[in-house]
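With chain G held as given, fit chain A onto it using these hints.
Given next are the chains, with one letter for each unit.
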Amino acid sequence: MNGGSLDIVGTGIRAVAQVTAEARRCIEAADLVLYATDAVTARWIERLNPRAESLDRLYAPGEPRRVTYERTVARILEAVRQGRRVCAAYYGHPGVFVHATHASLRLARAEGYPARMLPAVSASDCLFADLGADPGHRGCQSHEATDFLSHHTVFDPAVPLILWQVGIIGDWGYGGRPNRTGRRMLLDKLLPAYGPDHEIVLYQAAQFAAIPHLTARFPLRRLQAVPGDPYCTLFVPPTGASRPDREVAARLGLTVPDR
Amino acid sequence: MNQRLADFLIDLAEDVAARAAFESDPAGAMARAGLSAAEQAAVRSRDQRQIRLLLSRAPAGRLTVVGAGIRPAHLTPEIRDAIAGADRVFHQLPPGLAAGIQPLNPCIESLLDLYAPNRSPGEITAATVERLLAPARAGEAVCAVFHGHPGMLCFPAGAAIRQARQEGLEAAMLPGVSAEDCLYADLGIDPATHGSQSFEATDFLVHRRRFDVRSLLLLWQVGGLNPAGRPARHPDHGLAVLAETLRGHYPPDHRVAAYEAAADDASLPAIRWLTLAELPDQEFSPFTTLYVPPLEKPVADPDVIARLQADVAAPDDDR
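Protein chains in written order, with the working numbering: chain G, 1 to 259; chain A, 1001 to 1319.
Bound conformation, chain G alone:
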């Protein structure tokens, strides 16, 4: 082996404030940092390690995402094969909503290079902290909004539901006008389960230090008002009482209090 290696790290959601100690060490020690982050983190990375290169230049507007992703994998692997200690740094958690990282990791390992992914604070971590929705309580269902429609995803209304990228539902190109059909179809899917007055929460995590997160609460029937913002996430609180099943509880040896 020629000494090449790959560390894939995440920089968290709140720029710089959520970088783990180990991610920072990887960025500092790398021969080359390839990054796809927000601008504040990008600047911070370049100050920390001048051997840094943005992956954004591999992205061309209007191009299918798959092409960008293949080019990213190729760039990361090219640097590793040159024998460099490469650190790929991504916004949020490097394994969530990112194709190129998992593929790069598999490829680097298949070629015999030491390669690892380090966990980071993700967008759902921020949501759980800011909205106080502990998934240990009733669980959690988390889906990309367009997939949730087109896959006819089965869901449980007694369990919290998170729909990512709800602002750009039905919009593959980014930057188009809000897709009203997508909003109407989502409303049609959610209405029978929750009813028109169920309160839903539009959430945006804080991306910069000293800036608070944003929440807007409104009844489900006003779903059409969701802005066309890719950073907006829809949180649908659970509805109805969640009653334990007596038979299952008895088998497990749990006592269920009478109503």
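Just so you know, the hints here were simulated from the structure itself, not pulled from any lab data.
For glycine and all other residues, C-beta sits at the position ideal for the given N, C-alpha and C.
There's no promise every hint is true.
[Unchecked claim] Footprint (simulated), chain G over chain A, 3 or more residues, beta carbon under 8 Å:
{"id": "1", "stretch": "1002-1012"}
{"id": "2", "stretch": "1186-1198"}
{"id": "3", "stretch": "1202-1213"}
[Unchecked claim] Here are the computed distance ranges between Cβ atoms for each label pair:
{"id": "4", "chain 1": "G", "residue 1": "G83", "chain 2": "A", "residue 2": "G1229", "range": "50 to 60 Å"}
{"id": "5", "chain 1": "G", "residue 1": "T255", "chain 2": "A", "residue 2": "R1255", "range": "46 to 56 Å"}
{"id": "6", "chain 1": "G", "residue 1": "E63", "chain 2": "A", "residue 2": "A1232", "range": "54 to 64 Å"}
{"id": "7", "chain 1": "G", "residue 1": "G195", "chain 2": "A", "residue 2": "Q1003", "range": "25 to 35 Å"}
{"id": "8", "chain 1": "G", "residue 1": "D245", "chain 2": "A", "residue 2": "P1106", "range": "22 to 32 Å"}
Quick look at chain A alone, frame taken from chain G:
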């Protein structure tokens, strides 16, 4: 009396350097002295009556609940600052993580003594909330540090935040790296690809939660599925009930992973693949999570895609 504000004004009177620092950067000097937003506003407004009023009463305490991550190397700058800047720090951490935060603040206390074996989870939560809020009520800035992410499978943290807010105290939660974050990194799975569903294992069974077999399924605390202490392979052992439930959705040879994140920077995660048929024979630790991969790849309904695309293609005046 508000000692924090009084001490700050004493420094301004006695210490030339402190006065110079305040004159060149009032906001920075006040923030470094730990003054609250209300105290800073009062000093900046030069409203003597307001300053006297704030001096006469104890400052409002606050509670910051933070996550230390799973391993010591998971500490983030915002968590480090929250710990370092608090008047009192309480933690509920295993020894390695506790040692990692020890140098950050001289006033660190463990909450582990509250976990007496004869106490119910509800009693532990109530005792934890009381321990955290007592100093906050007295005006101190309290930081509570939990293992992993404080908002995930951590009822005392959420309860303390709700109670603090109810009493009019400022309260915030800062996320930490969770066991779920480690699982995605270690198993090489992107939960966004096909969606994810996660449940505490007992809750999943007892409430018969609905889920989609085409999305990944995570079950937390599968090691706690045997509350009645039934012998292994008993038909009513929690793992037998779980295997039976999952068998209603997946074939018996469906492979699942028992996962436990690495507890320190030198260890590796524990990952064991097994079939659903083998599930009743297992013994899991309290930290084991069961990962059930999707049964099949979801297929997008072409009709839904066509309707969505028609909207984007339609001219504006058609709407």
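Hints, verified against the model:
1. Coverage of the stretch 1002-1012 of chain A by chain G is violated. Counting CB-CB distances below 8 Å, 0 residues qualify, and the rule asks for three or more.
2. For a cut-off of 8 Å, the count of residues in the stretch 1186-1198 of chain A with a CB near a CB of chain G stands at 12, and the three-residue condition holds.
3. Three residues within the 8 Å Cβ limit are the bar, and the stretch 1202-1213 of chain A against chain G gives 11, so the coverage statement holds.
4. Taken as a hint, the range 50 to 60 Å holds for the pair G83 of chain G and G1229 of chain A, whose Cβ atoms sit roughly 56 Å apart.
5. Between T255 of chain G and R1255 of chain A the C-beta distance comes to about 35 Å, which lies outside the given range of 46 to 56 Å.
6. A hinted range of 54 to 64 Å for the beta carbons of E63 of chain G and A1232 of chain A is consistent with their spacing of about 55 Å.
7. Taken as a hint, the range 25 to 35 Å is violated for the pair G195 of chain G and Q1003 of chain A, whose Cβ atoms sit roughly 52 Å apart.
8. About 50 Å separates the C-beta atoms of D245 of chain G and P1106 of chain A, a value inconsistent with the hinted range of 22 to 32 Å.
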